[in-house]
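> Letter by letter, the chains look like this.
There are 2 protein chains.
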Amino acid sequence: MNAPLPLATAIASPTEWLLDEKTRFLNHGSFGARLRRVALAQRAYQDRFEAQPLAFLDREGPALLRAARLKLGSFLGMNQADFGFTSNATDSVATVLRSLRFEPGDEVLTTDHVYNGVRQAVRHILAGSGATLREVPLAVPATTAGVEATLAEALSPRSRLVLVSHVTSPTGLRLPVERIAANCAARGVDVLVDGAHAPGMLDLDIAALGVPFYAANLHKWLGAPMGAGLLWVHPERQPEIHPHVVSHNVGLGLATEFEWQGSRDISPWLTAADAVAIAGELAGPGGWPAIRSHNRALATWVQRMLCQCWEVEALSPLDGSMLGSMAALRLPARARERFPSPAAFLEALRGELPVEVPCFEWNGEWLIRPCCNVYNRAEQYQELGQAVLETLA
Amino acid sequence: MNAPLPLATAIASPTEWLLDEKTRFLNHGSFGARLRRVALAQRAYQDRFEAQPLAFLDREGPALLRAARLKLGSFLGMNQADFGFTSNATDSVATVLRSLRFEPGDEVLTTDHVYNGVRQAVRHILAGSGATLREVPLAVPATTAGVEATLAEALSPRSRLVLVSHVTSPTGLRLPVERIAANCAARGVDVLVDGAHAPGMLDLDIAALGVPFYAANLHKWLGAPMGAGLLWVHPERQPEIHPHVVSHNVGLGLATEFEWQGSRDISPWLTAADAVAIAGELAGPGGWPAIRSHNRALATWVQRMLCQCWEVEALSPLDGSMLGSMAALRLPARARERFPSPAAFLEALRGELPVEVPCFEWNGEWLIRPCCNVYNRAEQYQELGQAVLETLA
Chain A
1 MNAPLPLATA IASPTEWLLD EKTRFLNHGS FGARLRRVAL AQRAYQDRFE AQPLAFLDRE
61 GPALLRAARL KLGSFLGMNQ ADFGFTSNAT DSVATVLRSL RFEPGDEVLT TDHVYNGVRQ
121 AVRHILAGSG ATLREVPLAV PATTAGVEAT LAEALSPRSR LVLVSHVTSP TGLRLPVERI
181 AANCAARGVD VLVDGAHAPG MLDLDIAALG VPFYAANLHK WLGAPMGAGL LWVHPERQPE
241 IHPHVVSHNV GLGLATEFEW QGSRDISPWL TAADAVAIAG ELAGPGGWPA IRSHNRALAT
301 WVQRMLCQCW EVEALSPLDG SMLGSMAALR LPARARERFP SPAAFLEALR GELPVEVPCF
361 EWNGEWLIRP CCNVYNRAEQ YQELGQAVLE TLA
Chain B
1 MNAPLPLATA IASPTEWLLD EKTRFLNHGS FGARLRRVAL AQRAYQDRFE AQPLAFLDRE
61 GPALLRAARL KLGSFLGMNQ ADFGFTSNAT DSVATVLRSL RFEPGDEVLT TDHVYNGVRQ
121 AVRHILAGSG ATLREVPLAV PATTAGVEAT LAEALSPRSR LVLVSHVTSP TGLRLPVERI
181 AANCAARGVD VLVDGAHAPG MLDLDIAALG VPFYAANLHK WLGAPMGAGL LWVHPERQPE
241 IHPHVVSHNV GLGLATEFEW QGSRDISPWL TAADAVAIAG ELAGPGGWPA IRSHNRALAT
301 WVQRMLCQCW EVEALSPLDG SMLGSMAALR LPARARERFP SPAAFLEALR GELPVEVPCF
361 EWNGEWLIRP CCNVYNRAEQ YQELGQAVLE TLA
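From first to last, the protein sequence lines stand for chains A and B. Take 1 as the starting number for the first sequence in this note's numbering and just add one per residue. Take 1 as the starting number for the second sequence in this note's numbering and just add one per residue.
Because the hints were derived from the structure by calculation, they are not lab data. Treat the hints loosely; a few may be bogus.
Derived Cβ-Cβ restraints for the label pairs, each shown as a range [unchecked claim]:
| hint | chain 1 | residue 1 | chain 2 | residue 2 | range |
| --- | --- | --- | --- | --- | --- |
| 1 | B | A63 | A | K22 | 15 to 25 Å |
| 2 | A | D58 | B | A3 | 23 to 33 Å |
| 3 | B | A182 | A | A81 | 42 to 52 Å |
None of the values given here were measured: they were computed from a predicted structure. No residue lacks a Cβ here, since even glycine has one placed at the ideal position from N, Cα and C.
Chain A on its own, in the form it takes in the complex (with noise of 0.2 Å):
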């Protein structure tokens, strides 16, 4: 199995990103990363502001946002109507959890792949309701089927919420969301998915999925400026939800109460709907199927590779099924042998290496999770596999 040719198109070459290119940035999956393009096009927004802050924001600033949202709307399957704009996913899935009414008894289940952050949210708000958090171990290696089997034999009549990601953060799986849904839904459960890493990863058609609520983030692999998030809503679900902040547009609709949360800059939100643009238009003619295909066959090839490098267990199938831009593997057992903590691995990690890669522990394991993205070269990846077994040696 070779490794993947770059993109033979603009948005290939690290001079459009703002990465400093003396690091080998293998964690687009934090925070993502701008264009050049994308920062100019915030800066642009910033800038009317600051010169017309009330033009800008009260007069110009409604028919903006529901620009944007047609654009994002149509690039990710949502109706501009039916989803606000949010800080962030966590953001988003706090949300739901607050704006939902939970008795005593009643059980909201997630994955142990969730999110820490959101794990944390969760745990918070349902705190003093009576329902409670239950993780429902996934096991690894994971196959699509199993982790459909495992999610619907855990459902209990005291289940209310099923909290899935679309793309597990710790593990890098893509999840089985549609037949989670499914299943859910003929038990009558609900359904929030945390797609943190969706947008732009994924092939996305958000209303098609059926679930009730789809809780994103803009500035990940889609490439927003920071503080970009999204909250999709079913229609029927709409007048359940609002923003943690209601303002002056109580009432006025799902997306038009999520515009105002107070005094805000609203250019992140904006400019996601240009970084969508901007990076279709930089990959050429593929746009951005193009840019999804080689950053899963990126992610496919390294976690094969690094498998073989390390001569590790892959955490789901070797041939990318369950994998969209970033490949979580095992790190070779002698890691905590020799190293106190993964931060302490990592630290050492880059002392042999400019690298940034994010590395923890995940149920007793120790993790690294390699992203793909298409400023990302083959050869990083087998640096990085050296530079491990140099720091374990």
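Start from chain A and add chain B according to the hints.
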């Protein structure tokens, strides 16, 4: 009474600000305005983040945020550990209301000078709790003693929390927060101050006010980028208060919990501290006290001049004892005979004069609220006075 002279230092030069000079900008109160150097400071943070996202946000972020809190705390009278950053004051107010537990029958008191966004937020959060929001009318023309007495008399055994603006939004009045705090403390009633307009406008010593909760904006009179608010909480009350979006930092203390509300752009918070230093420096040896006293003197002059020009009664004493940097005025009564709405009047006014000034209905009266900052000139308010008369002629 003569108009105060502009400050003779760089900060008074419109070229130091990003505002379009073609418009008479008399609306600093809505979203503030930025100095060029403040915008550059923010962009420097954003550039550092984009070059090294993990280094900046994960590794340097906590120390940068702490340093910003130290500087802001020193300027506003807060220990750095006793406040958290938010998006805006409405966000901060909503945070307190969501964190406290109300019982059926509890009463939250505010005044009929409350900011409408805050009114909507509080009503929404209290809905379903059995607690109610009661708005105490504060008569105009207002006096400091009258406000204090009215609020003291309004307290009842059901009163749980008094939500009071430090500077009222529709009417621009500085309320006697220390006295209100003392009266409420004697009755065992909590006070939440909405200081949306206070930082940069008033000489603040927040921890000395004697209240448990203080919400504020940094992007208005302090000059921070949009999206910078704070919530100060008395140390004894901090265990009760958590951000809407609790995440990784849960349980690490108020300031640290608020540092991480999911991934977002922290540059408005960091730049707020720089804005204090930049404006202080550009104001010359007089520093911030010179800015504040200029603005208040100008607002006091504007109130008197426009009351004479329009032959209307002032909303507060003509000595400016209840003013900060804004003067809200009644429009001549014929405004509502000639125009169907304040918005229609404002549109006609803007046909006469390129001006940005808030104008709205409040308690059945049409008010206009010119704001006074160092980049403004006395002539702009004289032009406003004449343009209003011409619009109504």
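> What hints, given by number in increasing order, does this structure fail?
none
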